[in-house]
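There are 4 protein chains.
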Amino acid sequence: MIIVMKPGAEPRNIKAVLSFVEKNGLQTHLSRGEEVTIIGIVGDKSKLPTENLISFKDVDHVVPVTESYKLANKKFHPEPTAVKAGSTSVGPGTMTIMAGPCAVESEEQLMTIARAVKKSGASFLRGGAYKPRTSPYSFQGLEAEGLRYMQEAARETGLATICEVVSQEAIEAASKYVDMIQIGARNMQNFILLKEAGRSGMPVLLKRGLCATIDEWLNAAEYIIAEGNPNVVLCERGIRTFETATRNTLDLSAVPVLKEKTHLPVIVDPSHSTGAYKYVPPMAKAAVASGADGLMIEVHDNPSCALSDGPQSLTFENFDRLTGELAPFCELAGRPLIK
Amino acid sequence: MIIVMKPGAEPRNIKAVLSFVEKNGLQTHLSRGEEVTIIGIVGDKSKLPTENLISFKDVDHVVPVTESYKLANKKFHPEPTAVKAGSTSVGPGTMTIMAGPCAVESEEQLMTIARAVKKSGASFLRGGAYKPRTSPYSFQGLEAEGLRYMQEAARETGLATICEVVSQEAIEAASKYVDMIQIGARNMQNFILLKEAGRSGMPVLLKRGLCATIDEWLNAAEYIIAEGNPNVVLCERGIRTFETATRNTLDLSAVPVLKEKTHLPVIVDPSHSTGAYKYVPPMAKAAVASGADGLMIEVHDNPSCALSDGPQSLTFENFDRLTGELAPFCELAGRPLIK
Amino acid sequence: MIIVMKPGAEPRNIKAVLSFVEKNGLQTHLSRGEEVTIIGIVGDKSKLPTENLISFKDVDHVVPVTESYKLANKKFHPEPTAVKAGSTSVGPGTMTIMAGPCAVESEEQLMTIARAVKKSGASFLRGGAYKPRTSPYSFQGLEAEGLRYMQEAARETGLATICEVVSQEAIEAASKYVDMIQIGARNMQNFILLKEAGRSGMPVLLKRGLCATIDEWLNAAEYIIAEGNPNVVLCERGIRTFETATRNTLDLSAVPVLKEKTHLPVIVDPSHSTGAYKYVPPMAKAAVASGADGLMIEVHDNPSCALSDGPQSLTFENFDRLTGELAPFCELAGRPLIK
Amino acid sequence: MIIVMKPGAEPRNIKAVLSFVEKNGLQTHLSRGEEVTIIGIVGDKSKLPTENLISFKDVDHVVPVTESYKLANKKFHPEPTAVKAGSTSVGPGTMTIMAGPCAVESEEQLMTIARAVKKSGASFLRGGAYKPRTSPYSFQGLEAEGLRYMQEAARETGLATICEVVSQEAIEAASKYVDMIQIGARNMQNFILLKEAGRSGMPVLLKRGLCATIDEWLNAAEYIIAEGNPNVVLCERGIRTFETATRNTLDLSAVPVLKEKTHLPVIVDPSHSTGAYKYVPPMAKAAVASGADGLMIEVHDNPSCALSDGPQSLTFENFDRLTGELAPFCELAGRPLIK
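Residue numbers (this note's numbering), protein chains in the order written: chain A, 179 to 517; chain B, 179 to 517; chain C, 179 to 517; chain D, 179 to 517.
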C-alpha cells in the first residue's frame, strides 16, 4: 500500500499518517520528492482500516499494491488446478464441453438433448432447474423435479451434470442429484450463497458478474475457497458495455489475464454473451484459441419453442457441426476433443 | 411487440411467423414496405415465448413495445406512493434524510451517531449489521447484535431505522428490530431475496445494481410488489462506468426518468456513489434539485477510524452544515426539512 | 511514479530498474516489504519513457502519482479562472446561460430564437453552423452563412455568441463572426483541432468526449492552453454507459471533481446528455446545485420541425418557465440570474 | 420506422402524427392494440426529420428499423470486398499481418524492424509518423520524415506500408509515401477527416472509436465511401469498459457481427486493445479463429526503450514465434500464412 501526499503537505500531517500506521504495527517508508511525498506501507494490512487513510489531512490518494485474494492467487499457488466432477475433470490438458438447454423443460426433452450432445462430444450436460429471470412473470424453472431429470440423463448417458443454484435449498437439492453447481452472473456477489457453496464441498462453476472486474471475480472465488472448498471453475459469460449488437460483450482477454492471475480453470460461455446462435461458432473457436479450458454452450431440440433463451440455442445439427469444426482447434491447444 | 422481417423475406416465411403468433391466440398486423415488412403483435404476450421469434427464418429483429413490469408502472398507477416506516413516511411532499454509519460498530458509537443525526434533521438512522464485502477478509458486520443496537437507538431518539439484509435469516431478524429493510446493489437481482422481502411485508429500500438498467431495476421492484408488498422505495447509488475519479457514476438523470415511469418514491445516496465525503454536499443538493424524495448519507463520529467506508463518511460537523445548506433546496422542492 | 516489483523479484532485476531510472537523471527510493518491493521515482519524468518500465523483468505494475496536465491543474493555479467572451464572462460569481437551436436553420428563425432567449435570461446565443452528424446523410449545417446570422443576432440582442467548429477553416470563419468557439464531444481528442483552437486565441468551450475520463479531458484542455490560450471553459454533456433510458448519462459528479482538480469554469449541457426536453428542467436545476458555472440549453421555436435534435429542445414557453424556476437556485449558488 | 403511441392516446393526437408523416410523402400503417397503438412508416425517411416525431403529443417512443448506412451495408452489397494496397490485398481468402513499431523513431530502427517482420511473415509495415497522444507533452511523431523512412523500408523489403493520418496535410503527405492510411480511434468521428480520406482515394484502415457502437462505426465508414472511395478496412482495437486489467476490452464478437452487417474486411489489433505484450499471442489466435481478415501487431527491436507504447510491443523473437504458432490457425481459416 502506498500513500501519496498532496503537493506541499505539511510535515505534521505527514507525521500524523506515519504515527497512525506505525501504531497499528506496520512499517512505513518515506520518499520525499520535489513535487510529492510518498509513504510506502509494509506489513499485515488486515490490522488497519487502510481505506480510511484517505481521510487524513494532506493525503491525496492511496494506492493498493497487492491483491486481496490469496487462495485463488497464482502467485501463491503456481500450479494449475484440475476440478473433478462425476467421472470427468476440468482443467489442464482437457477441453470440457458443457452443453444442454438453458432451462430443463421436461424429462423427455432433456433425455433427447442429453443423447444428442453426448454423441457430438460434450462431457457435461447443463440445464437450468432454478432460473433467475429479470421479470417475475417469466418461466422460473422446474426446480427439484428438473434436478431429478438431470440425474436420470446422467445415468443413461454417462455425462457429468451441472445446474445453477440460487439458494441454500437449491444447493442442498443439487448436491443430491448433480455433479457440479453453478453460481450465475447475478449472484456473483451474493456472498451468503458463495459461502454456502463453499461449505457444500460441491464443485462450483462461478460465472462472472455482468459488471464485475476480474479482481472482484477472484475475490468472489476466494469466498468459496475460504470455506475449505478449492473446487472452483470460472466462467466468462460477457460483460455489460454500451454495445448492443450482442447481448453482452464477451471479454475473451479475460482468459489470458486469468491464466496469469489464478490457478483456477476458466471456461467460456459464447451463448449467453452473444445472445445469438449464429455468433456462437466463431466465438467458441476464438475461446479455445485464447486458452480456455472449456466451453458452455446452449443446445436445444427446437430453439423456436424454447421456454428460455431460444435465440441463442444451437440445434443438434449446428452443435454437431460446431464440435467437428472445433476439434482441430482443441488439438492445437493440446486439449484433444474426443467425439 | 413488433417483428421486423429481413429485406426480401419470402412470403412463406412471413406466413410462418403469422401462423405461429395467431395459433398462440394473439393478433397480427402486417405492414409491407418497399424495404422491409413489419408485423405488429397485439394481445397477451405471456402466452407465447416471444423472444424465440427471432429464430424464425427471415426475421431480422424483434422490438418489445411495452414494459414487462406492471405493478411498479406509473402508466397503470398514476398516483405517487408514500411508503410508511416507523412514525414517518417516504414520498410526496416530504424530504427523507437517512443518515448513519456504513457499519454498526458498537452500541455506544451508534447511540452517539443517532443523537447527532437526529439533531441535524435526519428522520431515519441507517446502519449496516450485515455487510456484503468484496473480500472475505473484510469486516462483515455485527449481525443480530447490531440490529438490537439499532432498536435501542430508535427508542431513545424516535428515529425510524433501516438496515441492509442479505438473507432470509437477516430479514427475519430485521423485521423484529428495525422499521425498513434495505436490499443492496449486489443483491438487486437476487430474486430469492426479493421474493422473501416481498413476503415479509416490511418496507423495502431497493438499491440499484451497479450495472442495472432502470428497466431491470423496476422489474426487481416488481418481484417484491408481486408478493403483495407495495412498500418499495428505490435508491439510486451510482452505476459502474469507465470513469474512476469517483467510485461510481451517480446517475441523477435516473430521478426524473423514474418519476416518469413509476409511482414509487426515489431517494439518492451520494456517499456510496462518489466514495468521497467532499463530493457528498454538492451531490446531495443536486439530488434534491433533481426531484428526489430523500437522501441516504453516511455519517460517522470518527471517519478516519471507521471499519468500513470511512473515506465517504461525513463528520457530525459536516453533516450539520450540510443539512443547514440543504434546507432552502428542500423548501424550493416543496419538501420542507425540519431541523 | 511508483514501480511495484513482483513477489520474489530477483535482486539483479530490481537493480536493473534502479540503474535505468537513475541513468535517466531521476532519483529512486527503495522499500523492501515482506511480500513486495516498491521503488518510488522522483524527478522530471519527461526525461524517460516511464511506461516502458513495465517491460523490465519482475516488474509487476507501474503507478503514476502525479497528473500529466500542469496548466489546467488547480494545484499550480489555485485561483478560479474567468473566461471573457463578448461583453460577458464565464466563471466565478456568474451564472452563464447559453441557449439556442442545435442547428442554425435560417436568419429569421435564429433572430426569433435570439430575442426569446435574451428575454428569458440567456447571456449567450448558441447555434450550430457546422454539424458533426453520425450519418453522412443527415443535415450538416449552413456553415459560414450560419455564422453570419449569428453575428446579426448578436448585434441586435447584445447576446454573446458561440458556435461549434470542426476544422481550421471553421475556426477562421468563426473568429470573424462569433465570440466563443466550441469543440464538440467527438473532437475532444482531435489534437490537431485543439492546437488550432489554442493558436486562434479565441475563447474555447471544450465538451467532454463521450467516453473521456476527466483526466483525458483536462489533458485535452492542456493542449489548448499549451498554445498560449488560457481561455478554456469545460462543458459536461453526458458520457456513454449501458443505460439507454437517457441518450447519455449526465455525470454531474464531474462538476465537484473538476472544481477540485482545475481552475477552469465548468458548464453543463442537460439537453444533449438526456436527449429529452422533459428531463432538461430537473437536470438544469441539479447542475446549478452541484456548483456549475453555467448551462447550455437547446431552445427552438418549433421543436417538432427542428432539423436536428428536436426531441431535446425546449419551446420558448418551457425555457422561460425554466429560467424562472432556476432563479432561486442561482441565488443560493451566489450566482444571481438577471432576467 | 415505427411509432409507438402512449396507452390511451387520444384519437386526434394519433391523427396528427399520421397527417404529419403523410404530408411528407410517406405511407403509414396503423395497428390499434388493447394496450398500445403502433404506427408503421414506410417510404423515404430522408424526407422528414423523423426523430422529432417523439415531440408529438401521446407519442411514447420511436423505433428505427433500418440501418442508416447503405454503401457499407451487406444487405445491399452481399459480396465481400477486397481492398488492394501496394502489391497486396486485404480481404477474402487472405490473412493480412500488419506489423511494426507504434511510432517511427529513426530510419535505421525502422529498417531493422521492417526486415524482421518481413522475415516472420508480415505483409504490411505499420509505423506512426503522426501520433495522437493524450498529453501534449508526450512524443508526437517524426511526421513527413517518418513517412519517407516508411517508403524506404517498403522499397527494400517489398512490404506494403500503412501510417496513421490526423489532418488534411498528413493525408497529402501520406499519399505520396505509403500504401494505406489509417484513421485512429480518436478520430473515428472526425467527419472532416473522414471526408478528406474519402476524397483522397487512398485505401483507408478505419479503427473503431473507444466508445463507438458498431452502427456508428459503419456510419463512419459510410462517410468515406460516400465520397467515392470504397477501399475501407475496419480495425477492431478494443472498446472502453469498466475493466482495467487490460487497457481496453477487445470486442472480438464484433468480428462475426461485422461479417454479417458489412462487406468490408475486418482486422484486429490485439496490441492496443490489451496494452500488454503477453496477452497479444492468445488474442491474435482468437482473432483469427473468430474470422478476422488480418491482424495489426506492434513489434519493436527494443520494447523497453520504445518512445511510445513499449509495454505492448513484441520483440522480434516473440513475433517470430507468434507467426509460427498462428500458421495452423490461418490454415484452418482458409487463409494460409506464407512465411
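Treat the hints with care, since some could be wrong.
Pairs count within a copy or across copies, as identical chains cannot be separated in the list.
Stated by the list, open to error - List time: in silico DSS-like cross-link candidates among lysine-lysine, alpha-carbon distance up to 30 Å: (1) 201 with 248; (2) 184 with 201; (3) 252 with 517; (4) 262 with 517; (5) 193 with 296; (6) 297 with 184; (7) 354 with 373; (8) 297 with 252; (9) 354 with 297.
Keep in mind the hints are simulated off the structure, nothing from the lab.
Status of the hints after comparison with the structure:
Only within a single protomer do residue 201 and residue 248 lie at most 30 Å apart by alpha-carbon distance; the minimum there is 25 Å, versus 37 Å between protomers. Proximity of residue 184 and residue 201 under a CA criterion of 30 Å is satisfied in both settings, with 22 Å inside one chain copy and 27 Å between copies. In this assembly of identical chains, the alpha carbons of residue 252 and residue 517 never lie at most 30 Å apart, being 32 Å within a copy and 36 Å across copies at closest. With identical chains, the CA atoms of residue 262 and residue 517 are at most 30 Å apart within one copy only, with a shortest distance of 20 Å there and 42 Å across copies.
Within a single copy, residue 193 and residue 296 get their C-alpha atoms no closer than 67 Å, and across copies no closer than 35 Å, so neither meets the 30 Å cut-off. Taking identical chains as interchangeable, the C-alpha atoms of residue 297 and residue 184 are never at most 30 Å apart, the minima being 65 Å within one chain and 35 Å between chains. In the homo-oligomer, the alpha carbons of residue 354 and residue 373 lie at most 30 Å apart both inside one protomer (19 Å) and across protomers (25 Å), since each shortest distance falls under that limit. Within a single copy, residue 297 and residue 252 get their C-alpha atoms no closer than 36 Å, and across copies no closer than 36 Å, so neither meets the 30 Å cut-off.
When the C-alpha separation of residue 354 and residue 297 is checked against a cutoff of 30 Å, the pair qualifies only within one copy, where the shortest distance is 26 Å, while the shortest distance between copies is 56 Å.
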